[in-house]
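Since each chain comes alone in its own frame, lean on the hints to assemble the complex.
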Amino acid sequence: MNRVVTLAVFNIRVLLGERMWFVLSWALFGLQLAIYGSLMSKLVVVEDYFFFYSIGLIVIIVFESSADLGRHFVEHAREGELPYFLSLPISRRGLFAANALYGATNTVIRVLPPLAITLAILGRFSIQGIVFTMIALFLLGLGISGIMISMSFIAFKSVDIYIALVAGLSALLIRFSTAFYPIGRIPPIYQPASYATPLTYGADLSRWVLGYDPQLLLNPTVALVIVIAVAVGTISLSMTIMGRIIEGVKAA
Amino acid sequence: MSQTYRIFQIARTDFSYFFRTKWLMAILISLNLSDMLVTGLVYSGMISFDYFSFFVPGIVTMGLFTAATDTGRRIWLALREGVVQYYLTLPVRTSGLVLAYIVSGGLGGVVYSLSLLAVASLVLPPKGILNILLLLPILFVLATGIAGLAAFLASLARQGEVYWAYAQALQVTMVTISTIFYPRETITQFLPGIVASIAEANPLSLAARALRESAFGSSPLSTSLMVELLATSLPFAILGAIAYWVILRTIRVRGKP
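Chains A and B, in that order, give the protein sequences.
Read in the numbering used here, the first sequence has 155 at position 155, and its numbers run on one by one without any break.
Read in the numbering used here, the second sequence has 1087 at position 87, and its numbers run on one by one without any break.
Heads up, a few of these hints could be off.
From the derived model, a few chain A residues whose C-beta atoms are all more than 12 Å from chain B [unchecked claim]:
1. Ala8
2. Phe29
3. Phe85
4. Ala104
5. Thr105
6. Arg124
7. Val131
8. Leu165
9. Ile174
10. Pro214
11. Leu224
12. Val232
Here chain B is said to cover these stretches of chain A; the calculated rule only asks that three of the stretch's residues, wherever they fall, bring their Cβ under 8 Å from a Cβ of chain B [claimed, not checked]:
13. 18-27
14. 34-44
15. 89-102
Don't read these hints as lab results, they were simulated from the structure.
Each residue gets a CB set at the ideal place from its N, CA and C atoms; glycine is no exception.
So here's chain B without its partners, still in its complex pose (with noise of 0.2 Å):
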């Protein structure tokens, strides 16, 4: 059996422990959706402009950030109950084990996402199927970054419940501050500076951009917002897999993180 092969099997079977979790499920499903068809409704009645249109697309990039997130969840219950060290009895590199869950996160995020953009086409026709299929690597990039995120913050907080404030932390602080909720002109108008190139650089407020202008709107793909979007999803994918791959490379030298 080759390397890759194993890679693939540990890469789906994380995958399928992700959908197998029906408490977790439960969870997102059950927030995505009522925050759409509810909360996005109540305020389109509130709201001067359209605003049902523009909060679906950021409804769909916020299913994929928290659905990816959830690697860093099973990274820190495989480091807490030790089912890290069964792994690392498994014929295959460190780095591997490392990509196993780095794609698996990845395609969480976005089978999750594209569960919820067929949803939301029912109630919001999209314009640019073609788009939406085009965009899907570069989404699976930036699920990749947020899944190696959320690694990132397992791999420092191994011990206790200090894994949860971190992703509570990083869940409102991301979505908190970008374009998800309102229109980067009144972040622009109304909060400093900083907080609004913060808010724009965010890979969060990229994806929900290109949702909006491409697969729920008629524009075309805008190159550069793919390169940015790259250029801001992969540092934090790479940072991810280093610092997850650094523990398991001292557990299997010393036998513990």
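This is chain A alone, in the form it adopts within the complex (with noise of 0.2 Å):
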């Protein structure tokens, strides 16, 4: 347990030298709420959308941050740091722990302060509501990095085809979602599609926590289920190939 904790805190502190990005990201995150937000919102005929968009942001945030732990691990794979890693006294599920715990580091910073001060400024700032809307977004973004993970196997045979299958699915898993637009208005032909992304559970379920119409968004137990179901699967599989596939993986 020790040991899993040491190496976290080795990540984290890495993570933590890297200030420019979380500014960078919340910067980013302000210009875009504060202009396409509320400029959409003027367009968008559908009740409170800057609040629905706001949220439909931070989840993105959650999307990328979680996506970030699969090139993280691509990235030490490659850099020869994996083959270091597989060699330390520390059991594959121990390394794997310590790997989600940077992962859900990385999703807190990222995401608190951005969802704090936006609800705050929408005042709906309640404490039990970030924790529960936090809750719901690790468990999204747990899903997330389990399936970056997952894929991450295919970095070993070639790096351009993983970035460019991740790049295709997070457009896809996106575009699809409901992050930015309700399940019922999108039209009958996407909405088999915006089912199948887990990123329209992860919001619609944090957007309920947070009091939106209810009318407008998902089942939350059926969001609630699934959300769970996905983190549980995916990051299953993803130590599953931590365990057997990236043993004796050559750096590139």
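This is the structure we're talking about:
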């Protein structure tokens, strides 16, 4: 346990050294919300669209920071650090737990300040709301990280193919999800794809927790069950991959 | 072999490198097509005017922007990995190298946006094919301007990962403060005058407007709009070219940037 914490703390220290990226991420979030969000909310005929959009934007930050974990893992493999980590006296599960702690910290640092400030500005701030939203977003983040780490074995064959697949998949997961539009407003032809992306459930669950009109959202129980199922399923899959496939991996 | 031919060869190699970078093509195509065919269609059902017709020319302009900014990434990589030292041994003038990069960035932007335009024409038939042809040289100047801006940022951030921060900030700022996603009347009505003025003068807004009015709309090409587009794009191209030239010159003289 002590070794897991030591490794996680090391990774988190490296992460905290990259303050510029956090500040940039918060600044760009503010710019997008203040200009794009406020203008689109004047054009779009959906109840309280500004709030709807701001939570969608938060979900995108969670998606990006979770996808970062997969990239972080692939970079370790490419730069030859992974064989070093594999040689440490720590179990594969421990190594995975340390990476998960790093990913969770990354998500919390990126998401918590913009979420708290946005809710305060919109007059929806409450400790309870923040805590439960962060739990919902954390579960969503675990699912996304699991998907990205599960796909990382492709990078051991070709990093270019991995980046291309992740980029294509990310675009589809985001665009078809309910991050920026309610499920009822998505054309029927696209709705099956919307139900297939985990972002839909994470976004609607977070909005429900924060008191958005439930009639425009998916059933929260279904959303919660699916977010948990995706998190457990993809994390189990990525642990299997980490335990079996990456042994003996070569640095690029 | 003449200087012009050497410059042409370097530009051609850089241009083909852009289209051969599979992961980059996957990112650009998946982002732009999903924006056009998913986001545009969904939003058009939530907005009272014909938003799809408004949005598609904006996405074509955004495609031109993202493709042209890749010049910055290529310059940054060349500076970071020392490939630029090799370039400097080639029998070509420093200004020739700069010109080759800027021209290849401009061509990349135009060719990529034309391919988006071809896809867009399947769902939104253009009304002014001739106007598109007339717009091409202006769009090329715009793309070289953006490539120049990206070259400027790459020259500033020649070490570390700072370039990505600059590139991301440039993209979000230029695309958000423009009329790519929303009409200028909406910006004027709801945001401070200074933001509305910046959005109106943004070359991306001007290009999107030209495509909306004259390529997908039936209005004739506006000369004043073309002049404005040229006047806002050229300074970027010149600034970027000078910045990259200064860096190359410094490397030639001192051996390092």
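Hints, one by one, checked against the model:
1. Ala8: holds (23 Å)
2. Phe29: violated (9 Å)
3. Phe85: holds (22 Å)
4. Ala104: Check passes; 23 Å lies beyond 12 Å.
5. Thr105: holds (20 Å)
6. Arg124: holds (22 Å)
7. Val131: holds (30 Å)
8. Leu165: Answer for A:Leu165: violated, closest chain B Cβ roughly 8 Å.
9. Ile174: violated (8 Å)
10. Pro214: holds (19 Å)
11. Leu224: A:Leu224 clear of chain B: closest Cβ-Cβ about 25 Å, beyond 12 Å.
12. Val232: Non-interface label stands for A:Val232: nearest chain B Cβ at 28 Å, farther than 12 Å.
13. 18-27: Result for this restraint: holds, n = 4.
14. 34-44: holds (count 8)
15. 89-102: violated (count 0)
In the structure shown, a violation is registered for the earlier hints numbered 2, 8, 9, 15, in ascending order.
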